[in-house]
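Novice: Residue-level listing of the chains:
Number of protein chains: 2
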Amino acid sequence: MSLDTVQFGEHLIYDAYGCPFEVLNDENLCKKILLDLCDLAGMHALIEPHVIKSDGSIALNGKDPGGFSGFLIIEESHISVHTFIKRGYVTIDLYSCKEFNTQKPLAYLNSVLKPKNADILKMTRGLKYPKENIY
Amino acid sequence: MSLDTVQFGEHLIYDAYGCPFEVLNDENLCKKILLDLCDLAGMHALIEPHVIKSDGSIALNGKDPGGFSGFLIIEESHISVHTFIKRGYVTIDLYSCKEFNTQKPLAYLNSVLKPKNADILKMTRGLKYPKENIY
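Residue numbers (this note's numbering), protein chains in the order written: chain B, 3 to 137; chain Y, 3 to 137.
Because the hints were derived from the structure by calculation, they are not lab data. We put the beta carbon where it would ideally sit given N, CA and C, even for glycine. A portion of the hints provided could be inaccurate.
[To be verified] So, partial list: chain Y residues that the calculated Cβ filter (under 7 Å) puts toward chain B:
no.	residue
1	Ser59
2	His84
3	Lys88
4	Asn135
5	Tyr137
[Unchecked claim] If you want the footprint, here are the derived chain B segments under chain Y, 3+ residues with CB under 8 Å:
no.	segment
6	15 to 28
7	66 to 77
8	94 to 107
Bound-form chain B, shown alone (with noise of 0.2 Å):
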């Protein structure tokens, strides 16, 4: 018997490089950003933000200078946030199992980070995800 398959959900990513270093070195702002796009998306937190200090690290290649790092798990999947400071680099990952309109998020996202440009990509996942139970 064949399945019936629907898609999964949507995957935002937004890699922003020129930001300002005040506003990649506030935790709250990390806090704020996690919780600011889980409502703009229309998405439901299950947790509260989740975020800490990196030091950075000279074993990545010299690669981290040191940042915030934040999660929230939502209702529909999660919301990432990363960022190095020093380098002006903002790296943020939004997965929902529910379609969403990426206009708001992506204005807000660029009006707090400032940023010179970024790079954006909207993916689908899950493509042949079962459309009823399976167990």
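Let chain B serve as the given structure and place chain Y on it in line with the hints.
Specialist: Leaving out everything else, chain Y in the frame of chain B:
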């Protein structure tokens, strides 16, 4: 002055179908997968793995029958796992600022999750990452 740039990182996506119910319905296995992937890819955890149970939601177009969601913040970025138990589906992300070989992580995931098939994709991230600090 033009800026020297390097590739920031790599992101492995593993979306697997037809996994056994009992494999996906195992909170401890979700924690173990997060830690084992971290080790197999030569990465370093910054926190304990965080795994929560979701009871599912009828609001998400009936897509979410419930499962476990977990994440691990690592020095190199993050690892996440979401199981949708009654659909036999699991979706995993391994995102690192360090290049990594996918052979061992993928062999491990196929061995423990026993999927019928999987969508596997390795992406590059942050292609315009500054080679040196800009602040």
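Novice: All hints are to be evaluated individually against the structure, with a verdict given for each.
Specialist: How the hints compare with the structure:
1. Ser59: 6 Å, holds
2. His84: Holds. Min distance 6 Å.
3. Lys88: Result: holds, 4 Å to nearest chain B Cβ.
4. Asn135: 4 Å, holds
5. Tyr137: Interface hint status for Tyr137/Y: holds (4 Å vs cutoff 7 Å).
6. 15 to 28: The restraint on the segment 15 to 28 of chain B holds, since 5 of its residues have a Cβ under 8 Å from chain Y and three suffice.
7. 66 to 77: holds (count 6)
8. 94 to 107: Three-residue rule met by the segment 94 to 107 of chain B, so holds; n is 4.
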